[in-house]
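Colleague: Here is how the chains run, residue by residue.
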Amino acid sequence: MSWPGFTSLGAGWLLLLAVPLVALYFLKLKRPQVRVPSLVLWQQVISDQRVNSPFQRFRRNLLLWLQLLLLLALVLGAMQPFIPSTETRLKNLPVLIDCSASMGSVDLAGGGNRLDEAKQRVKKLIEQLLPDQRMAIVEVTNTARRLTDFTDNKRDLLAKLESLQVRDVPSKLDDGLRMAQAMARTARIERVLFVSDGNVPPQIDFELPYRLSFDQIVTKGNNLGITEFNARRNGSRWNVFVRIDGSESASGLCDVLLTDGPEIIGRETVTISPGVSERIEFEIDGTRPASLEATLVRQEPDSLAVDNTARLELAQQRPLVVYCPSALATYRQVLAILPTLVIVPTAGALPPEVAELKTYDLAIVSGDDEPPRPAKVTLHVGSVPAELKSSIEVASGVAEVADWSRVAGLLQHVQLLDVAISENPQYIGEASEKTVEEAGYTVWATTAKGPLVLARERDDQYDYRLLFHTDRSTLPYRVGFPILVANLVQAAWQQSGLEELRALGTGVLPAMTGIPDERYQLIGEEGSQEATAEADGRVAGFAVYRSGNYRLVSGTGDERKLGVSLLNLQETSLKSTSELGFQEVNIAADDKQLPADFPLWTYLVIVALGVMLVEWWFFNRPPMQVI
Amino acid sequence: MAGGQLTSLLSNQMLARAERLRLQTKRRLTNRSRGEHLAGKGGTSTEFNDFRDYVPGDDMRYVDWNIFARLGRPYVRQYRLEEESYVVIIVDGSSSMDFGEKFTRAKELAALFAITGMVNQEPVSLYHGKSMSVPVESLRKASGRVGYRPVFQFLEGLAAGGEATIEEAVRAVLKRHRGRGLAIVLSDFLTAGPIDRMLNELYEAGLEPWCVQILSAAERNPDVTGDLRLIDSEQGHNLDVSSVGDLLGIYREHLVRLEEHIASLCRQRAGRYISIEAERPVEELLTSSLIKQGWLS
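Sequence lines, in order, name chains A and B.
For the record, in the first sequence the residue sitting at position 173 is 172 according to numbering that gives the first Met the number 0, with numbers rising by one throughout.
For the record, in the second sequence the residue sitting at position 24 is 23 according to numbering that gives the first Met the number 0, with numbers rising by one throughout.
Okay, chain A solo, but in the shape it has when bound:
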């Protein structure tokens, strides 16, 4: 049992009011005078042992005792007593509230969603906050956002709590835990409360520096949703794939509609078995761009609506545009035999669909030259990256390949053994492979003294470096050379979005290619965001928390459509874990809600009111009759 504590102990001095109260009671007590025949019997009564018992003495001065009791109740109420919930009182409590997509699940038809239930629980905690307790609210989605600093302002806390909305993104608890850890630098934190439905990754890579309470909202969702939506080039057509997953108990018939704007271009009816995912394939024309939208329609109630729609922007199919200067004749010879390519510079006219392109799909350049236009995939032949020139030098001499990555995309099925290279790249001084990795490159092939092939794959831009010039090696005469060029072209197909397209998921959008230093604006239903393209044309940093259609508008007025969908198996499955795994401990969901310190002042006020009523009744009893 915990002893009650007081948050305003100083109010105890008010008990001194008992002194004037007692004094006034006896000074002001005016007894009605009653004349009686004789006091003989009354004197015997007064001196009776029973009358002088402590209880009878108490009863004789009941009015005074009632007044003292009233004062005591009021003073105790002013001292703000409480029953501590735990052995250590929580002064600062960060509350992490899961706002991921699964929290928008409506488990009972006509009821509120899980976030509403979470809000109710946190609201109760806020209302029970004592004056010396502070709370901070942190929204946890795929990142963490602090809504309030530690504060005891209940109105502010309640307002921020009400402003919480479900985000169409998966949850990432470790970000929230790290934010709480950061908050611990400014205030002492004993415990952190996490309110969630448990639809989070069960294993979390985080070392808990505080106690974590997991308040789990019990869930019984029944949901089906689209978890994958992609398209693959099939000649001049697209094969479109839709994957449907669901919660463990979800099953039954559902329709999948594929639309391009208002036009329905496909429809499939599938039967979903519990725990089994279904993949549906559509084939559509690829000669024109399309804004595809796949919609899942169930006859049964569906807990989560946001994952029933997925969007995919399909580009018009066209040839791959490859920049390869004529000086690299060996490359051009290989490229010439590969299908559906446009090699520039070319003597003839470019096809109209590629003539106005501002980027190349693939650029193969010699030395430190740069292609005239940005390219999604670039191969520098015989070039050391500028940032590594102080670490790597190309010495004269013959180099032999010591090792290479057989699984690297560029070098798959390429045999480099016994390739003679008349240039010998090697590390300078203390430089090593680590130096290369710090510059963002990965070493895919190496000699005994230094790297031969470097790769840097960033979002939509791949940069490959052959640190030796292939013309000064025996590689063009090997079978592996056309394979290397074909791998390069395949990577370009992938990066240009002409081979396979995947629908964009919510969260931070992948970087897109744009005009260097151009300002871009992402406009959606809930507002817009701005970002400036980097020097290499990369446009990145847009965070999207709502599924829907967006427009990426450049400063020059160019507009690109983007369809963003949830597409997250974890969220669609509504799987709940009741135990969070950490590096050293596992945290099980609490059976009960985090007990808050129980304030007693309201009860004391009620007691005071009751005492006052009793006193009023006692004072106003029916008038006595005089003998």
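What the hints contain is simulated information worked out from the structure, not anything from laboratory work.
Treat the hints with care, since some could be wrong.
What the hints assert, rightly or not - Now the in silico label distances, taken between C-beta atoms and shown as ranges: (1) 3/A / 278/B: 58 to 68 Å; (2) 291/B / 21/A: 52 to 62 Å; (3) 193/B / 23/A: 38 to 48 Å.
Unchecked claim - Computed footprint of chain A on chain B; a stretch qualifies when at least three of its residues, placed anywhere within it, have a C-beta under 8 Å from a C-beta of chain A: (4) 180 to 194; (5) 216 to 228; (6) 248 to 261.
Even for Gly, the Cβ is constructed at its ideal location relative to N, Cα and C.
Using the hints, position chain B against chain A.
Modeller: Frame of chain A; chain B shown alone:
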């Protein structure tokens, strides 16, 4: 006095009924002087008792000559001796009696007892103890019907209101009274003094104590509550009592204890005790209490 009533204290019917009653004392406390009460020894009354042999010196008037003629031996007739017994009626006139019907009922009962005594040729003395500073008012030795009027006038003229307690009044009466008999004390007996001592003094004076305790309903069941300052009507003393209503149970217990105490004291002294309610009319008291309990017959 309306309707030809002899007194305002008792109705004529009540007077007529009282004249047919007789005080039933437990002991025969009589005086040597001839009276209406038969003494155990031989006397000169007309009521025959026995015969005995004549001895010289006997009064020749009591020789039964018929027996002498028949038996040839003189025998003397013996008659029962009738002696007189005083009836002393003491009415408590203190202020405590001046509540409700108490004093009125005391005067009515005093008249009743006096009539019963006087009609049986008993000398009836009436005393009214009121104040320490004023001598006891009295009417002494009224007897026979001729004593009715003085008795009624005396009683009708009494008024309550004084500080003398009943034991002080009795003590004052005993200083003036001489003669054995019966002492009827009409009081509420709400006194802090020793009642046993008062009864002892009556007993030692040859008076059989009859105590009539007259209490009003407000004294038996006080309807009071709250915090009060009680003021004694006789002494003027104050007593602060809180939550009086909660003490009524104990009050009643003490009242019952007082009644039992006085009754016990009277029994020990071959006396009588009765507690009556002042609100009940004297006709009802006579029938349901005094006759029923053998005070009068």
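Colleague: So, for every hint listed, does it hold in this structure?
Modeller: Hint check:
1. 3/A / 278/B: 58 to 68 Å: 60 Å, holds
2. 291/B / 21/A: 52 to 62 Å: 57 Å, holds
3. 193/B / 23/A: 38 to 48 Å: Holds, at about 44 Å.
4. 180 to 194: holds (count 4)
5. 216 to 228: holds (count 10)
6. 248 to 261: That given contact holds, which follows from 5 residues of the stretch 248 to 261 of chain B lying within Cβ reach (below 8 Å) of chain A.
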